[in-house]
Amino acid sequence: MSYINDDYVENYDTYAYNGSLEYDPHSGEPHTETDYDRQSYNIPDMVKKFLTYFRNCISEGLLFEIQNLYESSFPKLTEQYFEKKPWPDETDIAYLVDEDSVFLILYKELYFRHIYARVSGCPTIEQRFNSFYNYCDLFNYILDADQPVPLELPDQWLWELVDEFVYQFQSFAQYRARIQKKTPEELEKLHTQSKVWNVLCVLNVLHSLVDKSKIKRQLEVYASGGDPDSVAGDFGRHSLYKMLGYFSLVGLLRLHSLLGDYYQAIKVLENIELNKKSQYSHVPACQISTSYYVGFAYMMMRRYSDAIRTFSSILLYIQRTKQLFQSRTYQNDQINKQTEQMYHLLAICLVLHPQCIDESIHQVLREKNYHEKMYKMQYGELSEFETCFIFACPKFLSPAPPPLDATGDYDYVKEATKRQTQVFMDEVRQQKMLPTIRSYLKLYTTLPLSKLATFMGPGPSQNDSRDLKEEIEALIIHLLCFKHKMKNVVWTRGTSGLEGKFQSGSELDFYIDHEMIHIADTKVAHRYGDFFIRKILKFEDLNRKLRMIKI
Amino acid sequence: MAEAMRQTVAKMLTGIERYNPDNLQTLESYVEYQSRENTYDLEANLAVLKLYQFNPLRYNSNITCQILLKALTNFPHTDFVLCKCLLSEKHLADPQIGHIMYLADILESCDFQQFWTRVHSMPELCSQITGFHDSIRKFVCHVVGITFQTVDRIVLAKLLGGVDDQTLKHWVKKYGWREEDNGMVFIANQDENIKTKNITEKIDFENAAAIMAASH
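As they're listed, the protein sequences go chains A and B.
The first sequence begins at 1 in our numbering and counts up one residue at a time.
The second sequence begins at 1001 in our numbering and counts up one residue at a time.
Possibly wrong hints are sitting among the right ones.
[Stated by the list, open to error] Quick look at which bits of chain B chain A covers, simulated, 3 or more residues with Cβ under 8 Å:
#1 1094-1100
#2 1106-1112
[What the hints assert, rightly or not] Simulated pairs of lysine-lysine, DSS-like, Cα-Cα distance not exceeding 25 Å:
#3 K469(A) with K1158(B)
#4 K1174(B) with K501(A)
#5 K1202(B) with K523(A)
#6 K538(A) with K1202(B)
#7 K1197(B) with K487(A)
#8 K1174(B) with K418(A)
#9 K322(A) with K76(A)
#10 K267(A) with K1011(B)
#11 K395(A) with K1090(B)
#12 K267(A) with K1050(B)
#13 K216(A) with K1011(B)
#14 K1195(B) with K442(A)
#15 K414(A) with K1090(B)
#16 K1050(B) with K451(A)
#17 K501(A) with K1195(B)
#18 K414(A) with K1050(B)
#19 K216(A) with K1138(B)
#20 K501(A) with K1197(B)
#21 K182(A) with K1090(B)
#22 K1138(B) with K501(A)
Rather than coming from a laboratory, the hints here were simulated on the basis of the structure.
Computed from a predicted model, the values in this text were never measured in an experiment.
By construction, the Cβ of each residue, glycine as well, lies at the ideal position given by its N, Cα and C atoms.
Using the sequences plus the hints, can you model the full thing?
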């Protein structure tokens, strides 16, 4: 499709010829060698049976069964036999599945994913490279076909596949940036094989999946109430392609965010309405991840209202479906971490842009001591902003590798995060006076400029020669800034998250007439009705169920 | 001519073409075009910065400065912040970029007098952007328009960059404001927009009906 396609396919060919040689786990570490030897002769029977059955289900397209095996059997067996070590090498199990190449690619996807997630220590450079080649095999198989491939996989798997693909790229970029601990051989390999985990490659895959499935057009038609199948084309109608296309959009959202391109991040989600139940939104982890990145992008664009709205709705959803994320899997770990991060981001947004939110979320903020953090931020403690931001932000990357002549002392890993933190903290610093002004204005309906200037100026013990006129001038600057910062773009309608109108988000508003500030406040009465109605209905429901129980 | 260029550029921004470094030359000359002709295309400019991010050896300081200055002209939109996020530590060490960052900082803080002093002290920087000063004045008027009901003429002139009487009259007329006799300028009747609101809770009958029906 483009100039890049050739490059990674070219690499694939190279790999194929050296296949058996390159994929040699005798990496020189003695104890992993013996582990490997022991493993290859001792695959448990249960695992053998599972693999054969798994492969049969996949070749026969028994979707429900595949889902079961993927979501329960595989994790159970992992926990039982492979908790801290890799699954058997593909060469050892190939005979169990008749050397089925498609199955082996899918198997290796799970094999590597497990290594990244659970096997202790970081993946070796060979493992990283081999995982990349495996993805190339998989995407080549899916994308190069003239007709849709006869493969059906559950949505959960497809989402995790795309998510993992972006994650492994992220992991590699961070690994590559840590030049201090590299051996000369590793550095050499990184330099000569520069196409592996290249950012353009990853982008190419995601864009190709999006284009092949015509998912953008499908979403456009779906959003306007039409039938997406009518524009989907042969590939797009097939569930595998359609869902890979959709999840690739989310993959792009994530990738753009990791590189600091918030505009493209939101643009990519055109025609996707976040909290609407649609035929595409069945995987909770996908919805949560999407909301996290969208909310974060909005926050960086100073669209606090939109960020708060995004975070609130997904956090409400998570509250209601808490039980789904209790079991200990690495996917749930990610969901729970993102939830906590979103609470942090919401706290930051509410400090910068006070707004009414759902009572149940307020309750969580109270219970989990976020109010303490918010209090510190409101009183101008910049370090608290920074701490919260660093905890909650994505693990940013820079797309280009460190230069060849780079020395060990510069920390390339931390650079990208430092940059984004800097941009955010600049914004916070510019808004530093706002909470103070707000707290004074809340107390009055009219207030002369001179009086407020005296409140806010330095105390009488300090430099008295600074005259009132100067203080009023300084105050006017702060007041102009208040108005400017509180009037941001808010999405009201339209298919693109980038659209919106400038709206004043402040509940507390004012204007200056002659030398007087006129203040208007919005008093919102506590909303109890909705909460009570929900609880009453729930209680009724419980009562009814109780009566039906026969002891 | 402008339309044709915009369309050529638009094609370069779709899908994977966006990341093709061969497009850089056209996109860079498009930036210069915008600077000269006082047009603006955020997406194209962000694409240039992104290509610099992916291809650090192609980085061009002069083009980057122009992009940042153009972003300043689109205040109150947060285009400048978006651009900042695509620059690296190394780029920021450049003194020219440092100056522009400082300008953005004071402009965001609405310290307009300080801003104009700074701008007047380095005319070469902003002279490459046609209509720079007027774009900034548009922003100043935007903020003034939402903050004041009446404002002192002299204060307004200072905020606009120490403009002379005639220029001041021009801006006042442009925004439909009114000069009054006592040396004040009337902006708008803010009272209509800024009023104390009391939001009370409304419970729909349908919601309550379910409970009332069930209470037997």
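Evaluation of the provided hints:
{"no.": "1", "hint": "1094-1100", "in the structure": "violated (count 0)"}
{"no.": "2", "hint": "1106-1112", "in the structure": "holds (count 5)"}
{"no.": "3", "hint": "K469(A) with K1158(B)", "in the structure": "holds, 15 Å"}
{"no.": "4", "hint": "K1174(B) with K501(A)", "in the structure": "holds, 22 Å"}
{"no.": "5", "hint": "K1202(B) with K523(A)", "in the structure": "holds, 14 Å"}
{"no.": "6", "hint": "K538(A) with K1202(B)", "in the structure": "holds, 21 Å"}
{"no.": "7", "hint": "K1197(B) with K487(A)", "in the structure": "holds, 18 Å"}
{"no.": "8", "hint": "K1174(B) with K418(A)", "in the structure": "violated, 43 Å"}
{"no.": "9", "hint": "K322(A) with K76(A)", "in the structure": "holds, 22 Å"}
{"no.": "10", "hint": "K267(A) with K1011(B)", "in the structure": "holds, 16 Å"}
{"no.": "11", "hint": "K395(A) with K1090(B)", "in the structure": "holds, 20 Å"}
{"no.": "12", "hint": "K267(A) with K1050(B)", "in the structure": "holds, 15 Å"}
{"no.": "13", "hint": "K216(A) with K1011(B)", "in the structure": "holds, 17 Å"}
{"no.": "14", "hint": "K1195(B) with K442(A)", "in the structure": "holds, 14 Å"}
{"no.": "15", "hint": "K414(A) with K1090(B)", "in the structure": "holds, 14 Å"}
{"no.": "16", "hint": "K1050(B) with K451(A)", "in the structure": "violated, 49 Å"}
{"no.": "17", "hint": "K501(A) with K1195(B)", "in the structure": "holds, 20 Å"}
{"no.": "18", "hint": "K414(A) with K1050(B)", "in the structure": "holds, 20 Å"}
{"no.": "19", "hint": "K216(A) with K1138(B)", "in the structure": "violated, 37 Å"}
{"no.": "20", "hint": "K501(A) with K1197(B)", "in the structure": "holds, 21 Å"}
{"no.": "21", "hint": "K182(A) with K1090(B)", "in the structure": "holds, 23 Å"}
{"no.": "22", "hint": "K1138(B) with K501(A)", "in the structure": "holds, 18 Å"}
In this structure, the hints that do not hold are numbers 1, 8, 16 and 19, in rising order.
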